[in-house]
Amino acid sequence: MPIEILMPALSPTMEEGTLSKWLISEGDIVSSGDVLAEIETDKATMEIEAVEEGKLAKILIPEGTEGVMVNAPIAILLEDDEDDSVLTNYKSGSALTPPNSQEAKQSKSETVAPLTTPEKVQENNGDRIKVSPLAKRLAAEAGLDLTTVSGTGPQGRIVKADIVKAKLSGPATTEEPSGLVREPRERQALDTREVGMPLGGGADYLTKLGVEPGSYDLLPMNNIQKVVAKRLLDSHINVPDFPLVVDCEIDKLLAMRKELNGQTPEGIRISVNDMLIRACALALKHVPEANASYTPDGIAIHKNADVAVAVAIEGGLITPIVRQAQNKGLSTISAEMDDLIIRAKDRKLKPLEFQGGTFSMSNLGMMGIREFGSIINEPHGMILSVGAGTPRAVVKDGALAVATLMTVSLTCDHRVVDGALGAKWLQHFKRYVEQPITMML
Amino acid sequence: MTSQKFDVVVIGSGPGGYVTAIRAAQLGYKTAIIEKEALGGVCLNWGCIPTKALLRSAEVYTQMQHAANYGLTAQTGFDLSAIVKRSRDIAAQMSKGISFLMKKHKITVVEGFATLTPGKPAPRVHVSNVTYEAKHVILASGARARTIPQAGLAPDGKYIWTAKEAMIPEDLPGKLLVIGSGAIGMEFASFYDAFGTDVTVVEMVDRILPAEDAEVSAFAQKAFKKRGMKILTGTQVKSVKPGATNIAAVLKSSTGEVSETFDRIILAIGIVGNVENMGLETLGVKIDRNHIDVDNYSFTGVPGLYAIGDVTTPPWLAHKASHEGIICIEKIAGLNPHPLDANAIPGCTYCHPQIASVGYTEAEAKSAGHDIRVGKFPFIGNGKAVALGEADGLIKTVFDKKTGELLGAHMIGAEVTELIQGYTIARQLETTEAELIETVFPHPTLSEMMHEAVLAAYDRALHI
Ligand SMILES: Cc1cc2nc3c(=O)[nH]c(=O)nc-3n(C[C@H](O)[C@H](O)[C@H](O)COP(=O)(O)OP(=O)(O)OC[C@H]3O[C@@H](n4cnc5c(N)ncnc54)[C@H](O)[C@@H]3O)c2cc1C
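Those protein sequence lines, which keep their order, are chains A and B. Just so we're aligned, residue 66 is where the first sequence starts under this note's numbering, counting upward by one. Just so we're aligned, residue 2 is where the second sequence starts under this note's numbering, counting upward by one.
For the record, the hints were derived by calculation from the structure and aren't laboratory data. Check before you lean on any hint, since a few could be wrong.
[To be verified] Restraint ranges, calculated between C-beta atoms of paired labels, are given here:
(1) B:K107 / A:G129: 31 to 39 Å
(2) A:L274 / B:G271: 23 to 31 Å
(3) A:G129 / B:L430: 47 to 55 Å
(4) A:V100 / B:K107: 19 to 27 Å
(5) A:E131 / B:K53: 40 to 48 Å
(6) A:S85 / B:K107: 58 to 66 Å
(7) B:R461 / A:N303: 45 to 53 Å
(8) A:A207 / B:N291: 40 to 48 Å
(9) A:D210 / B:P211: 43 to 51 Å
Nothing here was measured: the structure is a model prediction, and the numbers come from that model. We put the beta carbon where it would ideally sit given N, CA and C, even for glycine.
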């Protein structure tokens, strides 16, 4: 059988490379260890050595070819007892389609071409969670949020054992080796009977960074903290964001609030926040293109303004959602927020009440913060950061005057909301806030 | 003395060893396999395959005898030596196939008996005066029939057979005693009964096929009795006494002892691992009652030495041996295989009627603390079964009441050994009753009964 020489991987992550030079020609006899060719990537140049012996019958990829896929056949070797005639009907895989990496026998190390581990941490592509029906049912019964469970089944599928483990150990770990390629691991001594255990992770994390062990207390993270950490990091890495800042005069809004609260039925007290939620919702309705989410398949334009509001709770942050806020009046929004906040603090929210949404708002005004920026809460296209309303000097009709100003920063995902669109949205928001009567229409 | 170097050396070429060698080669390891007898091990040469060939002859013969049921006429008859020859030819053909596979994967095949001595990073392997050094040594030396020589229960070259001798009879015994009613015992009982031998099966515990669901055992017992077999449960063979033309066996049960004479006795009382004379003791391998102790990934505890298949823990089945070997070598290669879940391994017995099962029996599910739902469907309610003239059988499912997990499935009847894989996949994918109920089964097939047995567990069976 003719032996295919395959394009080797110089590094675990290499996908393609350049075949820069052949060091032997067709017809040459090679023996194991002979250098056959040089290949290079943007990072390194390396020689391919023969592992098998025989005659180099055919070069499939000429010198200087760029973009040769790893594991693509690059030449054919014939064994001693074979002659060229076997090549006439020989069909080799295309250089453009990578064959199964496990068939790669032509690698420099005498063991194995790098192999991807079959277990990958759950990749949240397109929000589809891979989970077995049984695991799904068990998770629902246990009230477990599947996004917090890491799957150990094929392709990171969540299986029964993962739910059982998550239930036993409380918060799920995501310490499983990710999609990274692992070096073959040899098992040697008795203590390696523990093979199969996840490799230890963060214990000496700080030590490595030069912080003395014992100089700090290590608090375990709860589920929410883990989810928030992961989602924020993902967002920070994935989303190309930018801020837009504007000052809004809120004297009229404060006056209207006072008036409204004098007239609302028992128990309802409209807050500035409630009014800002409505202003956001109306602005989103007015500028629907800004009510958007980036997806790999296209830009989603949401039909409703589902406004997520950041609420600080003990040990973390949660964002309950006022759904279809564009259709809700101030007293409805106010009553809904009161209820959501109380239940959020008791950790009684249902997943539906804090997952999803189309836009977020975070208000640190009550803490005296003048202005700040936020990290996009994916899949939202924008997040509004609201600062404190304070009396400031302004110039009105050429004269110095005092007005209550509130600075807001709008952080936008540039993939869906560009500067002009963000500014347009802010104009409408500012108008609703500064002329709150329009909010009542 | 010469020495050769490999990445992986596999000892034994049964379904454990040869499959592991192929997977090792696929993973890029330079691999050798050592075999003292024929390639393919017990399974191909003296187990699974030749017995299935014999049982096929029995099945066709039985069908011929019932030709009139199908409106056919057939002249029936058989030639035992031709039946045995067919079985041997098939075994030889399969063994040759393994030899081809070894060549295809560039695996070095070494003939001879392997012994081991301490070494690093793995024990050294010796065959004759050649030493094989490897980074990883995988022992797949298999097992052989258990015998009890003290009680006279060992092959005597005359009256007493193990499976191996029972597979190559020169003539048909008139009266046969089968000791042990596990899969191997029942398959031989079924084979000899089909050709007219007067068969008695003795079983120590209170039912035949003790590993199966109690209901399936009872169903099988009834079916075998109907065929004319004598089944003695709760009975032990105390001693045997060979005579001039036959052998007497003392059968002891709660009602007392009786002596009965037989032409032949088949020992099917289990297996013992091949752990002797290889130097395992010197290496410090842990051996528990003739089987090697290993961890989830077949590691023996001795650096570089792994053991798989029949020489390790039960179930002692060919597919278990293969799967275990694949997991072992993939783990060595740094992949991340899942350990084998013994409960996910299906078991099949190819007697008539066939028996197949996977997962928990009803009793096991209960004792594991599950609140269960059980569904049953009889073959008589299935159009295809009736059309085939095989209306005797039962399919049974066991679900967890709360979660809908398919805990086990148990089948007896025609072709169930080919059906069980449907439930095995369902279990592996962790489908619940909901997905199984939604699945469309083709009509008319025996597989529809698998659907009905699920529906039955939820009081929704359609055809009964
Ligand atoms: C009659 C019968 C019917 C069966 N039917 C079925 C069935 O239908 N389905 C099923 O799943 N299972 C069946 N089995 C069981 C099945 O055969 C075994 O589970 C299977 O063969 C185990 O595979 P293995 O690789 O572990 O060992 P084996 O198949 O036993 O192979 C071990 C090999 O190692 C060799 N060996 C041992 N020691 C050495 C040494 N020191 N050096 C070199 N070589 C050595 C032996 O010669 C042998 O060839 C049956 C068994 C019998 C006896």
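We went through each hint and held it up to the structure:
no. : hint                        : result
1   : B:K107 / A:G129: 31 to 39 Å : 32 Å, holds
2   : A:L274 / B:G271: 23 to 31 Å : 59 Å, violated
3   : A:G129 / B:L430: 47 to 55 Å : 48 Å, holds
4   : A:V100 / B:K107: 19 to 27 Å : 22 Å, holds
5   : A:E131 / B:K53: 40 to 48 Å  : 55 Å, violated
6   : A:S85 / B:K107: 58 to 66 Å  : 30 Å, violated
7   : B:R461 / A:N303: 45 to 53 Å : 47 Å, holds
8   : A:A207 / B:N291: 40 to 48 Å : 43 Å, holds
9   : A:D210 / B:P211: 43 to 51 Å : 45 Å, holds
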